[in-house]
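Peer 1: So the protein lines, in turn, are chains B and C. Going by the numbering used here, the first residue of the first sequence is number 193, and it counts up by one from there. Going by the numbering used here, the first residue of the second sequence is number 193, and it counts up by one from there.
Honestly, the hints are just simulated from the structure, not real lab data. Where hints are given, some of them may not hold.
Stated by the list, open to error - In silico DSBU-like pairs for lysine-lysine, Cα to Cα no more than 35 Å straight-line:
{"no.": "1", "chain 1": "C", "residue 1": "K283", "chain 2": "B", "residue 2": "K238"}
{"no.": "2", "chain 1": "B", "residue 1": "K238", "chain 2": "C", "residue 2": "K236"}
{"no.": "3", "chain 1": "B", "residue 1": "K258", "chain 2": "B", "residue 2": "K194"}
Number of protein chains: 2
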Amino acid sequence: MKTRDRILHSSLALFNHEGEPNTTTVDIANELDISPGNLYYHFKGKDVIIAELFDQYEHGITEILKAPIDRPLSVEDNWFYLYVVFEEMYKYRFLYRNLSDLLARYPELGRRFRRLVDLKHAAITAVWRTLSEAAVVSTSDEEAEALVDNMVLLLTYWLNYDHLLHQDRPPALIIHQGVYQLMSMIAPYLGEQQRDFYEQVRNIYRTLIAPAAAK
Amino acid sequence: MKTRDRILHSSLALFNHEGEPNTTTVDIANELDISPGNLYYHFKGKDVIIAELFDQYEHGITEILKAPIDRPLSVEDNWFYLYVVFEEMYKYRFLYRNLSDLLARYPELGRRFRRLVDLKHAAITAVWRTLSEAAVVSTSDEEAEALVDNMVLLLTYWLNYDHLLHQDRPPALIIHQGVYQLMSMIAPYLGEQQRDFYEQVRNIYRTLIAPAAAK
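Let the sequences and hints guide you as you build the complete structure.
Peer 2: Below, the structure is given as structure tokens:
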């Protein structure tokens, strides 16, 4: 790996584990066993590293979020899709942990973050449309609108909520429960013929969340 | 008002409007037209002011959250109750805006914040139990558990989500929409006889959210 990429890789790990406000460029240099001068040669400060990591995240999550908008998923793939979205967010979770602070320091990020929330909204709406057209779910437009808003909010803040309550749980657990919580929002609207499939998927998630409690 | 209370009052207003990280004790002194030395006489730094404001918030919201646990609300009062909870949170919204950063700086607050989330959970469960016992709603225990979790998450992050998307909207609008989003989570579980009442309340909220769009 090139030094530049190693710096980005270690910075992301430190920001995620120690918190971005608690990590200095000296910490990053120490972690990599390079001199602060060498780090400065590649990045002129922490701000530039954060901007570069945000670019990476924006690129990755945009690709993922566009997928169901460009081409509808199969009914069964929708649940797995939600997993993929959470997984990508989890990789860059430091961005969400300190969102207000980051946006106050980098006002330009605000616009780009809002664009991502809009894209999440469009992706979840596309997922919902697929389920509706397959007669998996049934709602009025008004119900669908409020439901999609609630799902986007959960998608945006789930990682923060889990961190507030449990600090650092294993990622698979955090992400599976996130998907499970999203599924339970959809559940009451599912038609009878899809309930069996849903119950199966839900039990898999429940087994992962609480192995002892699962049937 | 005593100087000490004026300092707290102005600090809260500045933290909420300008963001706590962007507000210094000098800003607070300037706002009140007192000397930094006079402010220091009352509070030995911004940390002490934040701790005092958190105490106020903790005291106020604890009282509110305990109400339905100690004594069940009437069915109709539950919706108004959710409004009161949001209103109290809105008064101290700076605490939620920068939660991760605040918790990193004051680890002791983490435990107290988690206690408040637990209390929110107990309050929402109590609300849910009242609705269930009045046969307003009907769910399995498993459904109720996931629903209450989703409601507590929305209650905790709604103000942040609204701020991320819209910056500063009028408080009545933010809070009403928060209640509306919570109501729409409950809606699919409502029995027929309560749907009319629910639709009426929902229309009031929708009129406030989007006067032009409402019927």
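Peer 1: Tell me the numbers of any earlier hints that the structure contravenes, in ascending order.
Peer 2: none
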